[in-house]
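Visitor: Heads up: the protein sequence lines correspond to chains D, E and U, in order.
Sequential numbering from 1 applies to the first sequence in full-length UniProt numbering.
Sequential numbering from 1 applies to the second sequence in full-length UniProt numbering.
Sequential numbering from 1 applies to the third sequence in full-length UniProt numbering.
Hints are not guaranteed to be accurate.
Any copy will do: because identical chains look the same in the list, a pair fits if it lies in one copy or spans two.
Restricting the straight-line Cα-Cα distance to at most 20 angstroms, the calculated cross-link-like pairs of lysine to any residue (SDA-like) are [said to hold, decoys possible]:
id	residue 1	residue 2
1	15	78
2	6	26
3	15	128
4	32	5
5	69	57
If you're looking for bench data, these hints aren't it; they were derived computationally from the structure.
Treat the numbers as computed from the prediction; the structure is a model and nothing was measured.
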Amino acid sequence: MTNYQKLLRINTNGKSLRNITSEIAAIVADSKVDTGLCTLFLRHTSASLIIQENADPDVLKDLADFMAKIVPESASYFHYTEGPDDMPAHIRTVLTHTSEHIPINRGQLVLGTWQGIYIWEHRQQNHYRELVIHISD
Amino acid sequence: MTNYQKLLRINTNGKSLRNITSEIAAIVADSKVDTGLCTLFLRHTSASLIIQENADPDVLKDLADFMAKIVPESASYFHYTEGPDDMPAHIRTVLTHTSEHIPINRGQLVLGTWQGIYIWEHRQQNHYRELVIHISD
Amino acid sequence: MTNYQKLLRINTNGKSLRNITSEIAAIVADSKVDTGLCTLFLRHTSASLIIQENADPDVLKDLADFMAKIVPESASYFHYTEGPDDMPAHIRTVLTHTSEHIPINRGQLVLGTWQGIYIWEHRQQNHYRELVIHISD
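Could you put together the complete structure from these sequences and hints?
Guide: Next up, the structure:
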């Protein structure tokens with residue numbers, strides 16, 4: 001019975017979708033868990049996690065465009081003291097995910113062929129984001 | 001090895017975002033789990049869970065305004081027998097979360113400094129909502 | 001201590017919301033887990049999971065209409081090589097869920113009376129979708 005936790009600090013370099021699949025796969029390998037569950041938890045409210053296509057970079061462009069349209073930074077918000085990109089970042093986080101969960105089988109994440117794990121930075125500026133990886137069997 | 005479950009009945013007092021972080025933290029403390037995972041599951045389809053900013057109440061106002069705009073109660077829906085706020089409540093639930101998951105480290109939820117756990121009541125009227133808390137190590 | 005995994009292949013018959021609650025309940029019964037957690041993980045980026053009302057089929061119609069409006073297939077996307085329904089399918093997946101999680105109590109999923117588990121196929125065509133069910137206690 002394993003209950004393995006690790007903290008990853010990730011520099012997002014400002015607004016972006018960053019593929020972190022290989023970092024997570026390496027931590028799963030380190031855990032030596034054969035059959036279990038990997039939980040990712042992001043300790044922030046203006047960046048989020050998604051699982052999405054890992055092949056065509058245009059998918060990431062379209063995702064960013066969609067979010068820019070549906071949650072515009074130009075709209076008027078009560079919460080404004082941290083800049084025009086902060087409240088949209090909170091809303092975009094609510095519409096996506098603070099945690100993601102991937103079962104482990106034969107020592108590997110059961111991701112589909114086209115699935116990658118991404119951190120979505122919603123703020124304009126560079127941020128260090130803390131991600132907790134919890135692995136149990 | 002612990003597998004701890006508790007049922008919380010929460011009166012939402014109608015449409016609102018209610019911070020339940022301290023209730024959940026108290027249950028985690030009761031469980032005596034040191035390193036593990038806390039799962040929250042809401043047994044409803046017209047209220048939901050989110051993890052969001054716990055500091056500025058304006059963030060909650062902006063979240064509510066965004067949902068009111070993107071999923072209007074004034075739109076025309078096929079499902080109408082339970083009132084004009086019911087179908088929008090279902091859609092708002094789908095766009096947010098029925099379960100949330102926070103790892104536990106050294107006996108405490110690994111929430112970031114600005115993260116709070118909220119029940120989001122999407123119906124106009126008062127409701128008792130049942131929340132299952134599952135804690136494992 | 002159980003750590004039970006199963007793979008389900010589901011034919012979605014094209015764009016639809018398919019209730020899979022009874023299939024999942026049967027797998028939970030097979031696992032013989034009394035108190036635990038059931039995690040569902042979909043190995044795809046153009047279909048998703050939701051937990052929603054299991055009573056009035058109009059709710060499913062309204063959900064589909066909402067998604068069609070908020071993420072239109074007629075919009076212009078960079079990612080277009082797999083057809084006009086593919087990029088909207090990716091966005092609809094991001095706005096909903098790749099995994100769902102339901103605690104188990106006394107051998108049964110703790111779903112509320114009105115909650116059903118659905119696979120939401122966002123593509124026009126027939127697809128076989130792989131769902132990993134992970135059950136632990």
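Visitor: For every hint, state whether the structure bears it out.
Guide: Evaluated hints:
For the identical chains of this complex, residue 15 and residue 78 are inter-copy neighbours only, at 19 angstroms across copies versus 22 angstroms inside a copy, given an alpha-carbon limit of 20 angstroms. For the identical chains of this complex, residue 6 and residue 26 are intra-copy neighbours only, at 12 angstroms inside a copy versus 24 angstroms across copies, given an alpha-carbon limit of 20 angstroms. In this homomeric assembly, residue 15 and residue 128 come within 20 angstroms of each other (Cα to Cα) only inside a single copy, at 12 angstroms, whereas the closest approach across copies is 35 angstroms. Taking identical chains as interchangeable, the C-alpha atoms of residue 32 and residue 5 lie at most 20 angstroms apart whether they share a chain (13 angstroms) or sit on different chains (17 angstroms).
In this assembly of identical chains, residue 69 and residue 57 lie within 20 angstroms of each other by CA distance solely inside one copy; the values are 19 angstroms within and 25 angstroms between copies.
In this structure, every one of the numbered hints holds.
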